[in-house]
Amino acid sequence: MTHDAAVLARHGLTPDEYARIVQLIGREPNLTELGLFSVMWSEHCSYKSSRVHLKTLPTEGARVVQGPGENAGAVDIGDGLAAVFKIESHNHPSFIEPYQGAATGVGGIIRDIFTMGARPIALLDALRFGPMDDGLNRRVLKGVVAGIGGYGNSIGIPTVGGEVMFDESYRGNPLVNVFCLGIARHSEIVKGHASGVGNPVYYVGAKTGRDGIHGATMASAEFDESSAEKRPAVQVGDPFMEKLLLEACLEVMRGEAVVGVQDMGAAGLTCATSETGSRGSVGVQIDVARVPQREPGMTPYEIMLSESQERMLLIVKRGREAEVERVFEKWDLHAVRIGEVTNDQRLRVMEHGVVVADVPNRALTDEAPVYHRPYREPEGRADLQRIPAEAVAAGPKPTDAFLSLLSTPTIASKRWIYRQYDHVVQTNTVALDGLTAAVVRVKGTTRALAMSVDGNGRYSALDPRQGAKLAVAEAARNVACAGGLPIGATNCLNFGNPERPDIMWQFAEAVAGIGEACRALDTPITGGNVSFYNETDGRAILPTPILGVVGLVADVSHVRTRLFSEAGLDIVILGEGRGELGGSEYLKTIHGLIRGRPPVLDLAREHALARLLVDWASRGVIRSAHDCAEGGLAVTLAECCFDTGGLGAEVSIGRAPNDGGVPGLASTLFGESATCVLVSAAPGDAPVVLREAHAAGLPAARIGRTGGSAIRIAVDGEIAIDCSVGEAEARWSGALAKALDGRAA
Amino acid sequence: MTFAVVVFPGSNSDHDAHYAVEHVLGQPARFVWHKDTSLGTADVVILPGGFSHGDYLRTGAIARFSPIMAAVRDFADAGGPVLGICNGFQILLECGLLPGAMLRNRDVRFHCGFVGVRVERTDTPFTNRCTVGQVLHLPIAHGEGNYYAPPDTLAALEADGQVIFRYVDEAGEVTEAANPNGSIHSIAGISNGSKNVVGLMPHPERACEACLGGADGLVVFQSVVHALHERGTLQRV
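Heads up: the protein sequence lines correspond to chains A and B, in order. Position 596 of the first sequence, counted from 1, bears residue number 577 in our numbering, the numbering being contiguous throughout. Position 204 of the second sequence, counted from 1, bears residue number 201 in our numbering, the numbering being contiguous throughout.
It is worth saying that the hints were derived from the structure and are not from the lab. All C-beta atoms in this analysis are idealised placements derived from N, C-alpha and C, irrespective of residue type, glycine included. There could be a bad hint or two in this list.
Computed, partial: chain A to chain B, Cβ under 8 Å [what the hints assert, rightly or not]: (1) LYS224; (2) ASP313; (3) ARG400; (4) HIS404; (5) VAL405; (6) GLN407; (7) VAL411; (8) LEU413; (9) ARG422; (10) VAL537.
Using the sequences and the hints given, assemble the complete structure.
As structure tokens, this is what we get:
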């Protein structure tokens, strides 16, 4: 064997995988070729552990314009337009170097969107960190937030929403999942295909350096104490360069001189050249000596594996080179011809005309190994799903628990974070951050798009299938609360080491749950990303499937937020609080427990609820809508009062059935039952809401009225929570600043 | 009447300004590339927000050297109305059309959100449809908006009525808490001595439609239309 075991290990390849390489190319690979295989066959690029499961997801629907397999998915939004969107993780780099890790995560997903010919108009982030009482976690959060802002603000794409949760398991392994959405005309969507033998292959953008070499293999390994030494594998972002690339690429793609585009993200030039070739059933031949290089003496191995940011590969129609070069010249970018399309379905790499690597491109892509990894349900689940009565026997008074929940970082206002993001650039932002789903209008139409990213790792830890279903349902519900009909979804699946059967079981269950929920809710998955090996020193994160759902709002005037707009409105609860505390924020914050069963979910009811909400919003029957999530009914009601200038609300509800023996009113007030939404409506309209909900088989009840300056909740006729909006809002709005800066904002 | 919106590499609010002028205000707008040397037909010039040249050095420090800036200066010197928004304001400071400089925000973080902005003067082409003391709710989005001028310059600005906008609270009062970035005297925008060149950090072009959270910014653009009609001009500079 040409390469010994140590060399293979450094490349993250097993002896079996090496044997497969030899068989596929019919000889022993040289070191450069070994490098190509190591990055393309890494978990990050090949999806070798997840592929068999991902294939079961629903990816088709009447609105799907582009399903998985391209740089991003796309759904039809009418008027000949498509929403192009995807979510991707940048977890590992964001722990090693929080600012640059997060910044380049933003840059990477933006490239995926404009590579398709779409102009990016919105960013959202799903973030997970360790607890804020730890300096390391605070430093990571500050760096990640600054990095997201640093990139998005500069390039001028608004960060319009997202969500953040905290848990011990994310200490040392934060999650940074970035969602981006763009708009393209159907006819202008460009794919990552090479075609036309003899067509020139262009390299555009930043020079290639030694940064990020083996980034993809790093993202496919667990962390340990030596991780800090991997810092050179994290790239540095340049949003200005990407802004130029974005404008120049969109300008050049408007003509018809470009046949295919692929960004150089993970696995850099290797991935871009082999994927465009294999997708188009052609070959690509390049000479690395022509690749613009940042430093002298780089080897073909380094050039092919570099993950330097802000680089694109374009396949141009022969004869149209001059017009392409002219556009890049205008933007002070150099488009360099580095090779051409061939007819032999190979990736051939040369250096000054000498062949240094020559392999069938499908061997790198379609023929990467596929693993049916063993999976097994871990033991002790029954115990995990039981709430220990002795541990929850004593709890605080409801109002005290209420105030504690409002100031827990997962629930508290995220203003400290989102005010560091430009969320108004591009003048499309209809619903500002923190008012439920993010909403941007689509210029040139009456429409708007609502977007939400959600996923509760605690639910998934207790029951991964149920947790994943709840993530889909919550994202779809948030979108519907804003007035958007859910039409498509993308997922980012964050898990531990897939070589462990218990982790693989979590993954398989979660994918099954996503499939079931997406089918039931008519939200096909159009793309996404898997992030495995989220472990530090052998401890895995909570399994965290994040779902991004996109909803279509027919008219911008239909958009609803969580805010109670005036006194004297009726408050109606849709769905029912069943007092479910399993996996709740209450159990976690008050008792330090992640136990119990996650809330039950009736997908048919969820589907009906979304359609009712959208319909009522369009008819003006409801004034506001807000999903009951972390912290249950009490926190949800409070959130409807916040940011209104102190408008209060008074409601009266019945006691919910107790969950797992938690005494007192906690389960009624703070239970997190799914498919549950608070809406406000003018008194004349509330009966319409009740009647139509009941006709659709959805429980609904008028529980109170807006007004006054206090949040008052009576249970079975007795006041359980009574707190001024001012006091509650001060706790909620100041908590994160206090935790991060040691003082209120 | 034509608005020229100058596009620098890294401008990101150029489309915002163009959209507000053309689709909301209903006046023609045109992009002018920074490498051009002529503004062409233009009655108003807007230097838009963004991160020109990445703003890796000082904000606006490289954009002032763009070929178009000579034409912008000639236009301003001839009395043409020039509005610099956010990065455009920073560029006006760097090129000397307006006095003073920008520091990083007091807490060294980027800030985005709606703020109260009080109109101090209505004798500029961009505020003549306002009333003195009127509070506009406008969004800000910047990391370097902490305006500074040395004491004598500041005194002259105040004395000559060149402070056009100030950050204020809901009641219209200047307070430390209502100052989002630490700007001296809570200054949000200023003009040159002859009042035809105005720079401000808040983004009026992003607040021209109710569905975006407010339309208070529209008055800035209506003002300049009014000013040009009043002048009876449309005599091009």
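A quick look at each hint next to the structure:
Contact between LYS224/A and chain B, as hinted, is supported at the beta carbon level, the nearest pair being about 6 Å apart and thus within 8 Å. Because the smallest distance between the Cβ of ASP313/A and any Cβ of chain B comes to about 7 Å, under 8 Å, the interface hint for this residue holds. At its closest, the beta carbon of ARG400/A sits 5 Å from a beta carbon of chain B; the interface hint therefore holds under the 8 Å criterion. Because the beta carbon of HIS404/A sits about 6 Å from the nearest beta carbon in chain B, less than 8 Å, this interface hint is met.
Against a cut-off of 8 Å between C-beta atoms, the interface hint on VAL405/A holds, since the closest Cβ of chain B lies about 5 Å away. For GLN407/A, the suggested interface contact is upheld, since its CB lies about 7 Å from the closest CB of chain B, less than 8 Å. Among the interface hints, the one on VAL411/A holds; its C-beta lies about 5 Å from the nearest C-beta in chain B, closer than the 8 Å criterion. Taken as an interface hint, LEU413/A checks out: its beta carbon lies about 6 Å from the nearest beta carbon of chain B, inside 8 Å.
The criterion of a C-beta within 8 Å of any C-beta in chain B is met by ARG422/A, whose closest approach is roughly 7 Å, and the hint holds. Annotation: VAL537/A was flagged as interfacial toward chain B, and the flag holds, the nearest CB pair being 5 Å apart, inside 8 Å.
In this structure, none of the earlier numbered hints is contradicted; all agree with it.
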